[in-house]
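Participant: Protein chains in written order, with our numbering: chain A, 1 to 245; chain B, 1 to 309.
Be a bit skeptical, because a hint or two may be false.
Unchecked claim - Listed below are several chain A residues computed to face chain B (Cβ distance under 8 Å; list not exhaustive):
| # | residue |
| --- | --- |
| 1 | 88 |
| 2 | 92 |
| 3 | 95 |
| 4 | 112 |
| 5 | 117 |
| 6 | 155 |
| 7 | 156 |
| 8 | 157 |
| 9 | 160 |
| 10 | 162 |
| 11 | 165 |
| 12 | 179 |
| 13 | 199 |
| 14 | 205 |
| 15 | 207 |
| 16 | 210 |
Derived from the structure by calculation, the hints contain no laboratory data. C-beta: ideal position from N, C-alpha, C; glycine also.
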Amino acid sequence: MNDPVNKEMSQPMQDGPAPTGLAVSRRRFLAGAAATGGAVLVASACGNDDGDDNGAAQPGGGPTTTVNAGPDLDVAAAAAGLEKLAFDTYTSAGSAATAGKPGAVPPAVANFVTTAASQHQEALDRWNQGPDGRRPPSCHRAPASLAPTVTAEFGKVTDVPGAATLALRLEDYASQAYQSVLPNLQGADAIKLAAQINVVGQQRQAVLRYVLGLYPVGSGPVKGTANPAPVDFAPANPRPALITG
Amino acid sequence: MATDNGLRLDETAFDVLMEESRDLHVDAMRTAQASLPELNDIGRSRGRDIDTDEIDRFNGARRSPLAQLGHGVGSASARTLLAGGFGGLISAILATPVRADTALDVQILQTASSLEALAVATYGVALGEGPNRANAPAAKAVAAITDAGAKGTVAAFAKETQRQHSEHKKAFQEQTTALGGRVQDAPNPKFEPVVSNADLSTAAKLVDFAATLEKVATDTCLLNLAMLADQRSKGIMASVMGVEAQHLATLRAVGALLSANATQLIDVPFPAANIPRLPAAAGSVATPNALHAVSGPELIAEPTSGAIQ
């Protein structure tokens with residue numbers, strides 16, 4: 001297992017609209033913070049990291065605000081970003097299917113897309129309630145470092161197997177991220193939530209693998225392209241190849 | 001590949017698929033191997049005598065989820081949190097005292113070993129490797145699958161899953177030894193009678209029962225994550241949980257196809273031409289909930305259940 005904290009989860013997540021007009025500063029998740037269990041002063045567990053993290057107020061916002069948040073909250077915000085990315089992708093797939101872009105969509109595939117979108121939405125909502133349901137990270141955007149890659153790959157999809165392959169890469173990416181942070185989470189609620197979501201993500205992979213003609217138990221679409229090095233469950237920054245293959 | 005109940009499998013196709021698809025399982029096992037030196041250090045530091053302070057720390061850590069949920073505070077909200085779901089489950093599990101002469105992590109690993117041993121034995125019975133060989137109801141149930149492709153797929157899945165459980169058991173046993181504990185090689189005594197008394201006379205019943213066992217394993221791993229203290233042990237438990245979850249998903253899907261009399265759709269590698277023939281339910285049967293629903297205490301292997309007495 002890569003030590004100490006999932007690097008994917010450490011990737012910046014673009015924070016959503018500041019609900020109260022407060023600006024939040026931006027930060028990179030501190031690798032190792034969760035492992036040490038120490039309190040981390042962060043400005044936002046859901047910020048991006050696009051170079052303007054200089055303490056300045058963001059456009060339209062007030063002064064930079066810092067809050068005292070634990071590492072589990074940082075993970076919660078990062079996880080919410082990943083769930084948003086997956087939700088957006090499945091929603092786009094559903095819209096494309098309705099428009100007939102990939103041709104006739106088999107009923108099982110249509111049901112899978114609808115179910116997966118709904119489940120990722122629920123996972124997003126749960127993370128945004130905070131691991132304990134009381135401290136909302138309020139992350140409502142997909143990771144800026146990954147969303148363009150996924151969007152570009154989605155634009156290349158022309159048929160159902162292509163869509164399923166992209167979905168499998170995305171699920172695999174998320175599963176590896178969860179797998180990596182699980183040992184480092186501190187609170188029972190966060191552990192439970194991450195594990196419950198990860199189990200279902202692994203299971204969606206099994207279904208996708210089966211439909212794609214692969215053995216259902218495994219990781220990623222094809223060995224050697226989509227998978228990171230063995231034991232290294234933590235995708236490096238930001239490893240778009242995991243999405244593009 | 002030939003199984004003891006006489007099934008002949010398409011070795012080439014399955015071998016290729018399994019070889020390229022073992023990553024998740026292989027990753028779990030490599031993680032386990034990598035953790036052994038560190039666990040050996042922990043085991044050596046404990047010495048021959050159990051450190052009672054350490055037991056206290058473990059038990060304290062074990063109770064911390066309850067503390068976070070307000071256990072002992074007595075507030076109405078705390079009682080509500082503990083009344084059901086995860087809090088209630090943890091509360092029920094922790095109601096059973098952990099043996100004071102064995103560290104909690106060792107008990108968890110021994111119990112995990114015992115669940116894997118039970119799974120190995122159960123799949124073995126279905127493969128005709130049990131005491132009754134091909135006459136066992138489970139083996140007969142597999143042999144009675146009329147569609148040759150489905151029969152081969154079910155048998156191959158059982159064989160591969162049995163192998164993975166065997167490796168999980170070995171990994172947990174090595175972790176146990178590294179921590180200075182005694183290796184548990186016997187099936188879990190809480191669930192062994194359940195297996196012995198199960199009606200496995202049809203393929204559908206067999207698959208459903210195997211799914212139940214996989215869910216016990218998945219849920220137990222999930223709860224162990226909240227009780228283990230060592231990060232590497234948590235990592236191994238999380239990795240194994242992922243593999244068991246995929247076993248469970250596959251069995252749910254296969255069970256649904258058996259129940260729908262669509263055995264011709266049980267096929268690995270699955271032909272793309274058959275995708276339109278899959279029933280709509282195939283898209284959701286393996287993942288009924290957005291958050292995996294953990295069973296009650298009766299279907300959890302609590303740490304004491306497989307600990308060596």
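Participant: All the hints need checking, so say for each whether the structure fits it.
Facilitator: Hint by hint, here is what the structure shows:
{"no.": "1", "hint": "88", "verdict": "16 Å, violated"}
{"no.": "2", "hint": "92", "verdict": "17 Å, violated"}
{"no.": "3", "hint": "95", "verdict": "17 Å, violated"}
{"no.": "4", "hint": "112", "verdict": "3 Å, holds"}
{"no.": "5", "hint": "117", "verdict": "10 Å, violated"}
{"no.": "6", "hint": "155", "verdict": "22 Å, violated"}
{"no.": "7", "hint": "156", "verdict": "18 Å, violated"}
{"no.": "8", "hint": "157", "verdict": "15 Å, violated"}
{"no.": "9", "hint": "160", "verdict": "7 Å, holds"}
{"no.": "10", "hint": "162", "verdict": "11 Å, violated"}
{"no.": "11", "hint": "165", "verdict": "12 Å, violated"}
{"no.": "12", "hint": "179", "verdict": "6 Å, holds"}
{"no.": "13", "hint": "199", "verdict": "4 Å, holds"}
{"no.": "14", "hint": "205", "verdict": "7 Å, holds"}
{"no.": "15", "hint": "207", "verdict": "5 Å, holds"}
{"no.": "16", "hint": "210", "verdict": "6 Å, holds"}
The structure shown violates the earlier hints numbered 1, 2, 3, 5, 6, 7, 8, 10, 11.
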